[in-house]
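**Student:** On the provided structure of chain A, position chain B as indicated by the hints.
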Amino acid sequence: MNRSKRRTGRRHPLATVALLALGLVFTGGAYAAISSGTAAQAEAKPTSQETIEEGKKLFQANCATCHGLEAQGTANGPGLIGVGAAAVDFQVGTGRMPMQMQGPQAQQKPPQFTDEQVKQLAYYVASLGPGPDIPADHLVNGGGDAANGAELFRINCAMCHNVAGAGGALTEGKFAPPLTNVSGVHAYEAMVTGPQNMPVFNDLNISPEDKRDIITYLKYVQDNRSPGGFELGSLGPVAEGLFIWIFGLGAIVAVTIWITAKSN
Amino acid sequence: MTTAPTRPSAPAKRTFTAAASDYLNDRTGLAVAIKGLGRKAFPDHWSFLLGEVALFSFVLVLLSGTFLTFFFQASQAEVHYDGSYVPLKGVEMSVAMASTLDISFDIRGGLFIRQMHHWAALLFVAAIGLHMLRVFFTGAFRKPREINWVFGFTLFVLAMAEGFTGYSLPDDLLSGNGLRIIDGMVKGMPVIGTWTSFLLFGGEFPGTAIVGRLYTLHILLLPALVVALVAIHVGYVFIHKHTQFAGPGRQPTNSVGPPILPIYAAKAGGFMFIIFGVISLIAALFTINPIWNYGPYDPSPVSAGTQPDWYIGFADGALRLIPPGWEFVWLDRTWSFNILVPLIGIGLFLVLVVSYPFIEAWVKGDKREHHIADRPRNAPTRTAIGAAGVTFYAGLWAAASSDILATHFSLTMEGVIHALQAVVIIGPFIAYFLAKRVCIALEKKDREIVLHGYESGRIVKLPGGEFIEVHQPLDEFDRWRLVSYESYAPLMLRPNARGKITFGQQLRAGFSRWFFEDRIAPVTRGELEASHSTHHEVTQSEQH
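Residue numbers (the working numbering), protein chains in the order written: chain A, 1 to 264; chain B, 1 to 544.
Since the hints were made in silico from the structure, they are not lab data. Do not take every clue at face value.
Pair by pair, the computed Cβ-Cβ distance ranges are [said to hold, decoys possible]:
no.: 1; chain 1: A; residue 1: Lys-262; chain 2: B; residue 2: Val-79; range: 56 to 62 Å
no.: 2; chain 1: B; residue 1: Trp-326; chain 2: A; residue 2: Asp-223; range: 32 to 38 Å
no.: 3; chain 1: B; residue 1: Glu-448; chain 2: A; residue 2: Lys-262; range: 23 to 29 Å
Derived pair list, reagent style DMTMM-like, types lysine to aspartate or glutamate, alpha-carbon separation capped at 20 Å [as the list claims (entries may be wrong)]:
no.: 4; chain 1: A; residue 1: Lys-262; chain 2: B; residue 2: Glu-455
no.: 5; chain 1: B; residue 1: Lys-89; chain 2: A; residue 2: Asp-223
no.: 6; chain 1: B; residue 1: Lys-89; chain 2: B; residue 2: Glu-78
no.: 7; chain 1: B; residue 1: Lys-364; chain 2: B; residue 2: Glu-146
no.: 8; chain 1: B; residue 1: Lys-436; chain 2: B; residue 2: Glu-448
no.: 9; chain 1: B; residue 1: Lys-241; chain 2: B; residue 2: Asp-44
no.: 10; chain 1: B; residue 1: Lys-89; chain 2: A; residue 2: Asp-145
no.: 11; chain 1: B; residue 1: Lys-89; chain 2: A; residue 2: Glu-209
no.: 12; chain 1: A; residue 1: Lys-262; chain 2: B; residue 2: Asp-475
no.: 13; chain 1: B; residue 1: Lys-445; chain 2: B; residue 2: Asp-518
no.: 14; chain 1: B; residue 1: Lys-241; chain 2: B; residue 2: Glu-369
no.: 15; chain 1: B; residue 1: Lys-364; chain 2: B; residue 2: Asp-518
no.: 16; chain 1: B; residue 1: Lys-40; chain 2: B; residue 2: Asp-26
no.: 17; chain 1: A; residue 1: Lys-262; chain 2: B; residue 2: Glu-448
no.: 18; chain 1: B; residue 1: Lys-367; chain 2: B; residue 2: Glu-455
no.: 19; chain 1: B; residue 1: Lys-445; chain 2: B; residue 2: Glu-486
no.: 20; chain 1: B; residue 1: Lys-89; chain 2: A; residue 2: Asp-210
no.: 21; chain 1: A; residue 1: Lys-174; chain 2: B; residue 2: Glu-414
no.: 22; chain 1: B; residue 1: Lys-267; chain 2: B; residue 2: Asp-518
Note that beta-carbon positions come from the ideal geometry of N, C-alpha and C, so glycine has one too.
The following block holds chain A by itself, in its conformation from the complex (with noise of 0.2 Å):
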């Protein structure tokens, strides 16, 4: 009775949703191939001037004494005009801005803005001038190809954060930083935006795609621990040489000692 029921319609139940989701599809493919540059855009962009103007009193009231009050920059801080949304986004979103204290890096701590506040002065930057916005959604969850971004990472960003992402040193204090917290969308603001020491990555170095790979690959190995137990910091043979003898021969010399007691 039911399935004689299930066919009396032309469609398939799902058709519509299918059809739906093939629109989007086609949409998003095209609109992703037909934008260019870095510019990638978020799907809601809440660019009302409303936005500006409290991002604009949010920048004056914390930013403003470094990159001046127009952003115009100071001997104490750069101009953010046209560094785009997306370095905003980054700097003030992992609470890298505004900085705890100079020095040869800008530290991370616990962001002091919310993410309404963050996107706020982020748009209010990105009016300024052009530049990176903030990454859309597919480019930033880890959709890709994680084989393809781990070749890509270990090519282009190993060198300086560790094949697993465990961060590595710099110059004169300077560091890359540990990759094992990092969001999709902050990696990829990083990417664009070349913050700190990071060199910047454009769309012609390593393309919109590869960059959603190489995400891909970043949060397959936050989500994955490793196959092989405890990774003891991912650090390589400096930590697996200080664990076996400190932990290995520590406990087998406590053993000799053990062994060779003299009851009494």
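**Tutor:** Relative to the frame of chain A, chain B by itself:
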């Protein structure tokens, strides 16, 4: 045989063990060997077991390594990976890398055995290192054991070679980077460098031959040498018998401790399984060498935090500590002193280590046999030299992790490098001085204790009104430990038969002065009796 009629039922009661033993003994004459070896005594001290740790981890390395050979393919033919690890699917790599990944992900128990092999190898070399330090600081390398020190040292070098060849087999990014550094060091040698590199790699680096060649070394040549040398090394421990610390009843001619059978063998057997257990636990819980992170070797990328395994660290550190600009062109050739200096430095250090027993014997002019181990404090100069050597090595070793030190302690890399340069150059002198003073201070304290006993903390008022602290005298057993060591006086310079003092003699006398001029001699019987007579009345009055 003639008594047989009185106990007719005896043969029927023979146990299976007895029968089996008889059967074996009749055919092999094993009883003689077991009787002889089984009664051999082994002195008991925890530090005497460190060599065994090395031996047992080597056994585990052999066992786990054999398993790995069933599945590893030492070929650099290119394939596209098609195993279960997603982030490498379809990636082009060598068969060596692909088969190591298969061992890790697609062969039951493979990853566990691989990790066990690697952890056991790290422990093997670490145990050798600690064992060498024990032998050095207790003077257990003195005659007749100098040759065994050389065998042991050779084993240490072979173990490093085993480790390095193994590290290079999977053909992952890390091992390829390691090989590239070796290639650079080889090429840095004048005249023969480039030729040697091409010989090793079968052409320009990396080529397609190196993994196969290293594999032959790793599973055939080097293990055969290690096994042979281990047999010789342990054989000599039996022939020379083990050293022991001074103590009542312990003579240079005897060996005090539990016999091999049954006590020592049971303990050592159990100990072996404890070591297997510890390594298994570590292998089961802790990742080692995650080649799936490193990916296949490709000469262009290098990961941050690329280091060799710990035992090659000192060589890597030596390279890192050389200041920039030590390379110049002369005679139309590049002279890479940034590579030659570390190579020569490390070479000299190793030569010093292997020849130390002979140097010390020459300085002392001592041709006697020594079977009683020194307490490190009773040979202050040797202990201080050892401390200097350890500091030098440790500085180089730490330098191999300069980048990790910098990131994890929020330091600048340049700061770390400069600090470690100071550790390597000035550190040994400071360590020498400190260790020597500490040894001499401890010897003085021992002397004090032997002569006057322990301070008991009890203050007694004598009838005359004088206050004294009562000292508790040592018993004879404890005293024995503190007074029985050898003391050497600096050699006297005497003209030889032709009435001349040669340069060699002067050199030797100079060294001898350096070694022994500020020695603390052990308490003599005379001193002991003298101190007892003065303390006699106090102890008497204290007892009444």
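**Student:** Quick one, are Lys-89(B) and Glu-78(B) close enough, alpha carbons at most 20 Å?
**Tutor:** Status holds; Cα separation ~14 Å.
**Student:** For the pair supplied as a hint, Lys-89(B) and Glu-209(A), confirm whether the alpha-carbon distance does not exceed 20 Å.
**Tutor:** With a Cα-Cα distance of about 18 Å, the restraint between Lys-89(B) and Glu-209(A) holds, given a limit of 20 Å.
**Student:** Measure nothing beyond the straight line between the CA atoms of Lys-364(B) and Asp-518(B); if it is 20 Å or shorter, mark the hint as holding.
**Tutor:** holds, 15 Å
**Student:** Hinted pair, alpha-carbon criterion (20 Å max): Lys-174(A), Glu-414(B). Please report holds or violated.
**Tutor:** Judged against 20 Å, a Cα distance of about 11 Å means the pair holds.
**Student:** At the C-beta level, are Glu-448(B) and Lys-262(A) separated by a distance inside 23 to 29 Å?
**Tutor:** holds, 27 Å
**Student:** Take a quick look at whether Lys-267(B) and Asp-518(B) sit within 20 Å of each other, Cα to Cα.
**Tutor:** This hinted pair is violated, its Cα atoms lying about 42 Å apart.
**Student:** Could you grab the alpha-carbon distance between Lys-262(A) and Asp-475(B) and see if it respects the 20 Å cut-off?
**Tutor:** holds, 19 Å
**Student:** Taking 20 Å as the top limit, are the C-alpha atoms of Lys-89(B) and Asp-145(A) close enough?
**Tutor:** Distance of about 10 Å is within 20 Å: holds.
**Student:** Check the hint pairing Lys-89(B) with Asp-210(A) against an upper bound of 20 Å on the C-alpha distance.
**Tutor:** holds, 16 Å
**Student:** Next pair to validate is Lys-367(B) with Glu-455(B); report whether the Cα-Cα distance is within 20 Å.
**Tutor:** violated, 40 Å
**Student:** Has the given pair, Lys-89(B) with Asp-223(A), been kept, meaning a C-alpha gap of at most 20 Å?
**Tutor:** holds, 18 Å
**Student:** At the C-beta level, are Trp-326(B) and Asp-223(A) separated by a distance inside 32 to 38 Å?
**Tutor:** violated, 46 Å
Violated hints for the displayed structure, listed by number in ascending order: 2, 4, 16, 17, 18 and 22.
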